[in-house]
Amino acid sequence: MDENVEYNADEKVEGEELERTASMRPEIVQSSSRTPLLHRYDSRALKRKIILIFIGFVLVNIATWAGTVISFRNYPKLIGTASLAYMLGLRHAVDADHLAAIDNVTRKLLQTGQRSVCVGFFFSLGHSTIVIAASLAIAVTAMTIKDKFGDLETIGSIIGASISATFLLAIGIMNTFVLVSVYRSLQRLKRTGTFEEEDINDILNNSGCLGRFFAPVFRFIDKSWKMYPLGVLFGFGFDTSTEVGLLGIAAIQANQGLAIWLIMYFPLLFTVGMATIDTLDGILMLGTYSWAYINPVRKLYYNLTITFLSILIAFIIGGIELLNIIANQLEAQGPFWAFLAALGDHFGTMGFIIIGLFVITWIISVIFYRFSSYRELEERLVHQSEETAHASNASDDGAKSTRNSHKDSVVVGVDEVNQEEILSSNSNA
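For the sequence shown, UniProt numbering gives the first residue as 1, with consecutive numbering after it.
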């Protein structure tokens, strides 16, 4: 599933859109010679993909629930259990570590020229792979594994939290370098009125030993499908009550003699719920980030705001996870460690807060931007680029006219020579 809107079968259509955009809004196309093409205009192909994704998830949800109701027609009480599994998936999707990973990677891919609408989908798919496999394994071996379930939860929580904390802290560090670069670019734009976007690779190459150390994390995830293996790694950590609760449902139903294929409806509903929310979160972040890429001033202004928020969230969530690992291993006691433990137990609530922060930040940024000096700077740059575009077009028209005149004169000259040759031939005859 290739959701990255790049040059493909839609290249001709997108090229025509770019030409129309260039004729109507030259400042968008000429904002920077180094601004990736996909940041300069809205793609019809991208909109089609988003609409298809929405339709697809509606159909998948309907089909999954229809299959559940039909399959459980002889077990009406299990419809409530199935609803619980679905709700666990919805709630798990807004865990803070999920949102921080999806939002930061969406932003990173957009900065490299990819409007990827399936970052959250692939992440949740990888995550769900482990959940489904674990549910199947526990259902099959429920009688023997139930006594060791606590050990599985303990080991998984350490692995999952370690992977999540490391990844989020690495993203936070790298986005700090991006934040500094964006701030410098904005200041340079205000001073000189010119804009050149620094590629993220340039930032990494000039960010010292820490930047070079964490660069592989960013280089690896250069396509949204590569969020799948990251989701798999996250999935190994059965570190939340939602996943442990789902596995518990599978074990209980297996002990009560429910068929394996019916038990698998529970992780399937969990997966559908989680994938729906995580995919929508990725699209939401793409929409808010993309607003900033239409104009260089707007791009830098909004990136400065949202990058700072992303760094703050990544450090807070990653730090909480890391400190909770330390506290659990050292059996630390005290008000501070109790507070951290409470935060770790309410990641779902923090996830809703993160979504709200991004939406509120975007709305406030749009409103503030309209009444700030940055809007005046944008209008001035647009006016300058329009004048440059008109001058360039006039120059091109003049050159074309000169070439046509020269061509006509050459044709006339050839015709005169041909006429002289004809007259001379007739005279000799």
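Treat the hints as calculated values from the structure; they're not laboratory data.
Note that CB positions come from ideal geometry on N, CA and C, so glycine has one too.
Please note that the accuracy of each hint is not assured.
Claimed, not checked - Between beta-carbon pairs, the in silico distance windows are:
no., residue 1, residue 2, range
1, PHE220, ILE326, 25 to 33 Å
2, LEU136, LEU52, 24 to 32 Å
3, VAL359, GLY56, 18 to 26 Å
4, ALA133, SER372, 23 to 31 Å
5, TYR75, ARG44, 29 to 37 Å
Structure-based check of all given hints:
1. PHE220 - ILE326: 25 to 33 Å: With Cβ atoms ~27 Å apart, the hint holds.
2. LEU136 - LEU52: 24 to 32 Å: Hint holds: Cβ distance 30 Å, inside 24 to 32 Å.
3. VAL359 - GLY56: 18 to 26 Å: Since the Cβ atoms of VAL359 and GLY56 sit about 24 Å apart, the hinted range of 18 to 26 Å holds.
4. ALA133 - SER372: 23 to 31 Å: At 51 Å between Cβs, range violated.
5. TYR75 - ARG44: 29 to 37 Å: 47 Å, violated
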